[in-house]
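Enquirer: Generate the whole structure from the sequences, applying the supplied hints.
Number of protein chains: 2
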Amino acid sequence: MLENIDLSRKIEKEEYKAAMPGLELKLGVLQREAIERKIPVIIVFEGWDAAGKGTLINRLILNLDPRHFKVSSALKPTEEERLRPFLWRFWIKTPAKGKMAVFDRSWYHRVLGERVNKTVKKPEWLNAYKEINAFERQLADDGNVIVKFFLHISKKEQKKRFEELESSPSTAWRVTKEDWQHLQQYDEYAGAVEDMIAKTGSSQAPWTIVEAHDRRFATVKIFKTVIQALESRVQALKAGGEQTARVQVSDNNLNDVSTSILDRVDLSLSLTEEEYAAKLKKYQERIRELEHQVYMKRLPVVIVYSGWDAAGKGGNIKRLTQNMDPRGYEVIPIGAPNDLEKQHHYLWRFWKEIPKAGHIAIFDRSWYGRVMVERIEGFCTEAEWKRAYREINEFEEQLVNFGAVLVKLWLHIDKDEQLRRFQERQENPYKQWKITAEDWRNREKWDLYKIAVDEMLYRTSSPHAPWTIVEANFKYYARIKALKTVIAAIERRMGGT
Amino acid sequence: MLENIDLSRKIEKEEYKAAMPGLELKLGVLQREAIERKIPVIIVFEGWDAAGKGTLINRLILNLDPRHFKVSSALKPTEEERLRPFLWRFWIKTPAKGKMAVFDRSWYHRVLGERVNKTVKKPEWLNAYKEINAFERQLADDGNVIVKFFLHISKKEQKKRFEELESSPSTAWRVTKEDWQHLQQYDEYAGAVEDMIAKTGSSQAPWTIVEAHDRRFATVKIFKTVIQALESRVQALKAGGEQTARVQVSDNNLNDVSTSILDRVDLSLSLTEEEYAAKLKKYQERIRELEHQVYMKRLPVVIVYSGWDAAGKGGNIKRLTQNMDPRGYEVIPIGAPNDLEKQHHYLWRFWKEIPKAGHIAIFDRSWYGRVMVERIEGFCTEAEWKRAYREINEFEEQLVNFGAVLVKLWLHIDKDEQLRRFQERQENPYKQWKITAEDWRNREKWDLYKIAVDEMLYRTSSPHAPWTIVEANFKYYARIKALKTVIAAIERRMGGT
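Note that the protein sequences, when read in sequence, are chains A and B.
For what it's worth, the working numbering labels the leading residue of the first sequence as 624, then goes sequentially.
For what it's worth, the working numbering labels the leading residue of the second sequence as 624, then goes sequentially.
These are computed hints drawn from the structure, not numbers from a lab.
Mixed in with the good hints there might be a few duds.
Said to hold, decoys possible - Here are the simulated distance ranges between beta carbons:
1. B:S855 with A:E1005: 51 to 59 Å
2. B:E1000 with A:P700: 26 to 34 Å
3. B:E1005 with A:T794: 20 to 28 Å
4. A:N740 with B:E1047: 21 to 29 Å
5. B:S793 with A:K941: 19 to 27 Å
6. B:E1000 with A:Y1053: 37 to 45 Å
7. A:E703 with B:H915: 19 to 27 Å
8. A:E908 with B:D802: 16 to 24 Å
Ideal Cβ positions, reconstructed from N, Cα and C, are used throughout, including at glycine.
Expert: Shown next as structure tokens:
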């Protein structure tokens, strides 16, 4: 496919000089429109070494308002980055609404350089296609305009450019041994590029191959492509189209979730105080040992606590962490998103909190808010929460693929027990702060929440990321069950490595 | 001094069991008060290896609401951290208002471990005392409650604890060769501790030495100290005291700044178009070469653009960066602080943007907003902007001590020229977005701004961080002068290394 690209295309100086001022003005106007209409924009530059990425990116950004874009270079991952799933460092750099993120190389590194140089194994880069497509689809569904460039030059041209750089003392250092090695691998690399373009091109995130022998031709093509992408989105919005309108979610209603999972939970389960004290001691000692092993073996651990208000999440987490080393774990409480978080895809703030390999992250509430409170309270559209089941499953699958132990706990109590606990809080001066008018309002919607929870448990439990329902009417029982569940999950993984 | 500490102090089990519930409740209540009253809290744990830092920190945080605190461990700096001044990684972790930051080891590492192990040179750790004191004073002045613990055990006790840990297979790995080496260095380390306590204890950020042989004694002392610190701040606020009232700034008024620096600027300086074109080309080529050298030599470069509205900062920056490699520089536009930034010390958001060594950060407006727009518009108190001159000087000195090239440019135009440019913007449909009602309002305060700018230039120009005034009535001249100034500053430093 690459060999059919006409690399002789060029633009003469006069034509270029005539065209650019108009394109520059247009791009400036469109950037301001995108800012006003809160469109997030992602521009990816991939391409051969010495194809001119740096110069062409600079040419583009000089016309943009620097308050609203950011350029990131994806070179070798840092230590911090290596300890997290490979998409982590790109997720956290996805643009807020109205902002533009320009990537000088990107997540495609995994299926190009890392693939060709065999620094990742084949199942990993094969899987990366899946993860990349999910990543781009999720962002496109959330309204991102995605433009991807591949700057193409021939092997002969690349060699010529390396030689030119080497011939001047002030640029010779820029050509490394690695570059010459890449030149040797040109054909292999070209195969990977073709594979990448075939597997990751989509109408939401199309590839544009840029014939990059002639700098002027490449510049004009890049400007025109970005302008066209922005223009068509702005036009669509002006015409009243919803950014996310194109996302069709089949209208699966609750009929699919034929039986209630929650109704089958045995809430009479309990423990005596002696049983509790003995087991608590034993499991707390065990979890501390495991915490150290997790660190030594660089295992990432993600524990998600969900449950009804007053189900005892806080006290439960406290018993889990009581004997742990604070250097090895972190409790991440999730409340309403702040302003900045609201400007991003809803998964963004969770990606930001993904623990380093070797650390334990305990989420007190989580991304499941999307299909519970946000669904019930109308904080997102129906299309958004319906889409979320798939997005959450993909997100969790990526964590597990990366090697994470993932434990998801639903602390379940019944409606009467919740009432009893609310009243107790209200009567105790030291607990009053724990109960708010909102808690009472949520309680009125118990039945709606129950439907949402049942659907959530049904749609997001999978062999690699199962839900554990913790019977929590009796706190002793719930605490021990949570501890046991976490320990078993870590031990299972320890055994496996 | 350490040898006078009575390490035999202990608390019996019954007494402990009787005392703790009350302390725990009290701490919980005080944390909620601190959240409500928006008090930022910093708690530092330093101490001997095996003194029990991890366990004691965990004991403390289990009683806190996890939505409002964060524990950080300061182990060896990461690559990202090594490329920035040593206080950077602590600055970015300072708490927002109402939040608590717990540091498991801290910035004191520099004057303890790093000093004793000679991984920093003597002038560096001597200088660190100065930087640490400035850091803590700036935070205390901004309302932070700072509590610092040193957990003390004897050499004999440390040896005993290492041996105990080694005797069990599940903990033996925790004692490293390094730990035994530290034991050998106990006395040398003790000297550093005493020196540290003497040099960095202050009423704003006092040290508490914790006798840590007895776990119960240490726990109670830590709880009581934190409670006392929070209580006295809460009491002071209830009594109507201003958090920052105690900061006395001598009332230096403009009389000290006897002459106007701005009045002496020759705004008739200009260049012909040919001179401009030739010099632009030459200097743009040179800056690109220097950009690569900056990267190779891992030099951090900070360029600050300030100036009147419409003085041409944007166009000037564009000419500076036109030929540069976008991987090596970043333009950091500074506008009004966002909500999160407002919750922190005003320097926090600039610390966050400090470039990695080897990169060039170009600030389009900067921390000087504090003594200009924030002063004039009343966005901060008089005490705050008066304090800011010293804080800014300290901040910049730290950058320069770290090896940064610091270039500060004031783009100067006169009032008539500004009017001409405002009108031109208003008439040109492609430039209209650049001019707002706020610009006109600012213009009305020209004379007030002029006083502030003169005082700023006077108080924050120093040999290590001088201001350069760029005569900017003629854009060609201003662009070339800015380029030349930046080039000369980098070349000077290059020559020096």
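Enquirer: Which of the stated hints cannot be reconciled with the structure, identified by number in ascending sequence?
Expert: Numbers 2, 3 and 4, in rising order.
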